[in-house]
Structure formats: structure tokens, C-alpha cells
Amino acid sequence: MISNTLRRLALAALLSFTTAVDAVAEDGPAKQLFGAQALPTVGAPQSAGFYAKGCLAGGVALPVDGPAWQVMRLSRNRRWGHPRMIALLERLARDSAAKDGWPGLLVGDISQPRGGPMLTGHASHQVGLDADIWLTPMPKRRFTNDEREKVEATSMLRGDTLYVDPDKWTSSRTALLKRAASYPEVERIFVHPGIKKKLCDSVQGDRGWMAKIRPYWGHYYHFHVRIRCQPGSPNCKPQEPIGADDGCGKSLAWWFTDEPWRKAPEPAKPVKPKVTMLSDLPKACAMILNAPGPKSADEVTYGAGAKVAQPAAAGTPATAYAPEGGDLPEGVPAQ
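If you count by mature numbering (1 follows the signal peptide of the UniProt record, and there is no 0), then the sequence shown holds residues -25 to -1, 1 to 310, one letter each, in order.
Some clues are possibly wrong.
BS3-like mimics (lysine-lysine), calculated; alpha carbons at most 30 angstroms apart, straight line [said to hold, decoys possible]: (1) Lys6 to Lys270; (2) Lys153 to Lys143; (3) Lys225 to Lys173; (4) Lys143 to Lys173; (5) Lys238 to Lys6; (6) Lys74 to Lys173; (7) Lys28 to Lys212; (8) Lys238 to Lys173; (9) Lys115 to Lys143; (10) Lys115 to Lys74; (11) Lys153 to Lys125; (12) Lys212 to Lys153; (13) Lys212 to Lys247; (14) Lys173 to Lys125; (15) Lys28 to Lys258; (16) Lys153 to Lys172; (17) Lys28 to Lys270; (18) Lys125 to Lys6; (19) Lys258 to Lys212; (20) Lys153 to Lys28; (21) Lys249 to Lys212; (22) Lys258 to Lys247; (23) Lys74 to Lys172; (24) Lys28 to Lys6; (25) Lys212 to Lys6; (26) Lys258 to Lys6; (27) Lys153 to Lys225; (28) Lys143 to Lys125; (29) Lys125 to Lys115; (30) Lys6 to Lys244; (31) Lys74 to Lys153; (32) Lys247 to Lys28.
Since the hints were made in silico from the structure, they are not lab data.
Please model the entire structure based on the sequences and the hints provided.
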């Protein structure tokens, strides 16, 4: 015979479990739900889903200021990413300053604290593996927070054409793109077709790195770095390999026809925009959305010589993701 006390405990446990499931399963517009998150989850980093349909656990923040970078548009709260993405940005900033003469990076959007669809802007940047870097060099002084919201990046194009302005483009910008493409974990770099053409017309010698430089709409004032799915993210969906072609042939010529820029015909009847719901994302995203977070952003800000502890899953040791200098610590698998 089960005692009344045991019955009450069993009932309480069942009700508690049901409430937890309901909390995780509650549906709603994904961009509102993820856009409202101010901080990431604590725990091991994991990208779930595809670059344009997913979320991020265990994200860390790029420090607002570094020796060779500044983060722009702070009000958007999009300086978060997978620790390997943040490590790469710091490495690119240091390497390009020391080896290529680039004054420093102005970093735009990376991801939201828990990834997911954004309230405005990008379709991608959802799994912490994408980052935008301005083609405007960092000034010697530090921008104020107000300036970071208002300063405009410089377009590399000549007027309203598809072609790069030769008075704006410099060899240091080519070197910056080559440096970014040189890292093995970088899978693609998106630029405006005019910038791709400029590279195709001007780069001499080694052109193998140019296979990673992909033309795409927009991207005339910045470039978009994308790294591959990282170890420890079994639910991350990769893209097809890019191949070894430098991309300067027919595929590039297509961008200089009318087809890519032709407006789609108006539908006969108004079409209601499809709203991406939480239930449309990978199942892990509901758990990530409701998982506990740190007490403050300082606890999960990468680099600057401070160790940011990311508690791992039960049964595995915690990993520190912020050694001096921003390189990955021992114990993190090499790419």
C-alpha cells in the first residue's frame, strides 16, 4: 500500500514535470522570443539547426573594445557567438593589424545571445557562426556609444553602379579578406558581386583562397564571415562544400546581368507573410530558449585575459573559453 505522503510526492512531481514541459513547449513568433533574450544560456556551446534556421546554446560575447577592434551598434545586442567564432574574430583583428597593416576591425552583427531569428535584418546569423565586419578601418580613437549607433560605414561601390570605386578600394582590404579566408574554420565569406569582381580582376599569384569569397546581395560596405559547424554540435546543419574554383567565371558573370536584380512580379492577391514560429525551429531551440542564463554579460564575455567558465553538460568537465590572447585553451578539439 502506497502511503498518502508518497502519493502526494508523486503527484507533485508529475505536476512539476508537466509545468516544465508546457513552459518549454509554449509556441510563439521565434524572432520575438529570441529577440527578447538579453543573455545566453550557461553550458557547453552548441549550434542547433542551419545558419538561417536555428539557435545557439552556450554563446559568449565579443568584448565591446579590444586592442584591434570595436563593436558597433551596441543597442542591438548582437555581439554574441559560438566561442570559436569569437576567438576567430579576435585572432583576425590581431593578425590583420600585425601582419597586414589593417588598423583594426569594426565589428557589426554576430548573433543574438541565444541566436535564433532576429527582430530586424538578417535571415542568417542564427547559430552563432556568422559575423559582419565593416570594410571601414577602425580609427585610432574609441567611438562613444552614441557614435557607434550613428557612424555610417563606407560603401565600396562607385555611385549606384555594381562596380567598386577604385578610389575607395585598397590593397589592405584585399589583404584583410585574404587573411580571413586563410583560416581553415572559415567556410565562406560573402561580399558584394562588385567586390568579388575587383578581386578577380586584380589578385595575382595565389588565388586558391578566393574560392571562399562568394558574391551575394548587399555586402557593399562589409563582409560576412561564416565558419563551419563546430565539434560538439551534432544538430548543426552544414552547407555543401564550395569546391576549389576561384568563382571568377560564369557564376560571377551572372551577377552582372539583369536577372539577379529583377523585381519579382506582384502576386495577384496579397500574400500574408509567413511568421516563423518557435515550433518551426529545431526542437532543441525550445529548450535553449528556456534554459538558465548567467547573472551578467561580464560572466560570459570572451577574452581580455579573463577566463569565462562555460559549465559543460553533466558528467563532463567545465571548459574555460577565454585564455590570455584569445587562443583556444588546451582540451578544446582543433578544427
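Structure-based check of each hint:
Between the alpha carbons of Lys6 and Lys270 the distance comes to roughly 23 angstroms, so the proposed pair stays at or under 30 angstroms and holds. A hinted pair counts as satisfied when its Cα atoms are at most 30 angstroms apart, and Lys153 with Lys143 qualifies at roughly 18 angstroms. At roughly 15 angstroms between alpha-carbon atoms, Lys225 and Lys173 fall within 30 angstroms of each other, so this suggested pair holds. The straight-line distance between the Cα atoms of Lys143 and Lys173 is roughly 12 angstroms, inside the 30 angstroms bound, and the hint therefore holds.
The straight-line distance between the Cα atoms of Lys238 and Lys6 is roughly 26 angstroms, inside the 30 angstroms bound, and the hint therefore holds. A distance of roughly 22 angstroms separates the Cα atoms of Lys74 and Lys173; the hinted pair therefore holds under the 30 angstroms criterion. Between Lys28 and Lys212 the alpha-carbon distance is near 9 angstroms, which keeps this suggested pair within the 30 angstroms criterion. At most 30 angstroms may separate the alpha-carbon atoms for a hinted pair to count; Lys238 and Lys173 meet this at roughly 26 angstroms.
Distance check on the hinted pair: Lys115 and Lys143 sit about 19 angstroms apart at the alpha-carbon level, within 30 angstroms; holds. Distance hint between Lys115 and Lys74 is fulfilled; the C-alpha atoms sit about 18 angstroms from each other, no more than 30 angstroms. Distance check on the hinted pair: Lys153 and Lys125 sit about 29 angstroms apart at the alpha-carbon level, within 30 angstroms; holds. Pair hint Lys212 plus Lys153 holds up; C-alpha atoms about 26 angstroms apart against a cutoff of 30 angstroms.
A distance of roughly 28 angstroms separates the Cα atoms of Lys212 and Lys247; the hinted pair therefore holds under the 30 angstroms criterion. Taking the CA atoms of Lys173 and Lys125, the gap is about 29 angstroms. The hint holds against a cut of 30 angstroms. The hinted pair formed by Lys28 and Lys258 meets the criterion: a straight-line CA distance of about 11 angstroms does not exceed 30 angstroms. Using a Cα cut-off of 30 angstroms, the hinted pair Lys153 and Lys172 holds, with the two alpha carbons roughly 15 angstroms apart.
Of the supplied pair hints, the one linking Lys28 and Lys270 holds, its CA atoms being roughly 27 angstroms apart against a limit of 30 angstroms. At most 30 angstroms may separate the alpha-carbon atoms for a hinted pair to count; Lys125 and Lys6 meet this at roughly 24 angstroms. A distance of roughly 14 angstroms separates the Cα atoms of Lys258 and Lys212; the hinted pair therefore holds under the 30 angstroms criterion. For the hint pairing Lys153 with Lys28, the CA-to-CA distance comes to about 28 angstroms; that is within 30 angstroms, so the pair holds.
For the suggested pair Lys249 and Lys212, the alpha carbons sit about 22 angstroms apart, so the restraint of at most 30 angstroms is met. Proximity of Lys258 to Lys247 is assessed by CA-CA distance (about 25 angstroms); at most 30 angstroms being required, the pair is judged to hold. Restraint check: the Cα-Cα separation between Lys74 and Lys172 comes to about 25 angstroms, which is no more than 30 angstroms; the hinted pair holds. For the suggested pair Lys28 and Lys6, the alpha carbons sit about 11 angstroms apart, so the restraint of at most 30 angstroms is met.
Of the pairs offered as hints, the one joining Lys212 and Lys6 holds, with about 20 angstroms between alpha carbons and a cut-off of 30 angstroms not exceeded. For the given pair, Lys258 sits about 16 angstroms from Lys6 by alpha-carbon distance, which is consistent with the 30 angstroms threshold. A distance of roughly 22 angstroms separates the Cα atoms of Lys153 and Lys225; the hinted pair therefore holds under the 30 angstroms criterion. For a cut-off of 30 angstroms, the pair hint linking Lys143 to Lys125 stands: about 21 angstroms separates their Cα positions.
With a CA separation close to 18 angstroms, the supplied pair Lys125 and Lys115 stays within the 30 angstroms bound. At most 30 angstroms may separate the alpha-carbon atoms for a hinted pair to count; Lys6 and Lys244 meet this at roughly 26 angstroms. Taking the CA atoms of Lys74 and Lys153, the gap is about 12 angstroms. The hint holds against a cut of 30 angstroms. About 20 angstroms separates the Cα atoms of Lys247 and Lys28, which keeps this hinted pair within 30 angstroms; it holds.
Violation of the numbered hints given earlier is absent; every hint is satisfied by the structure.
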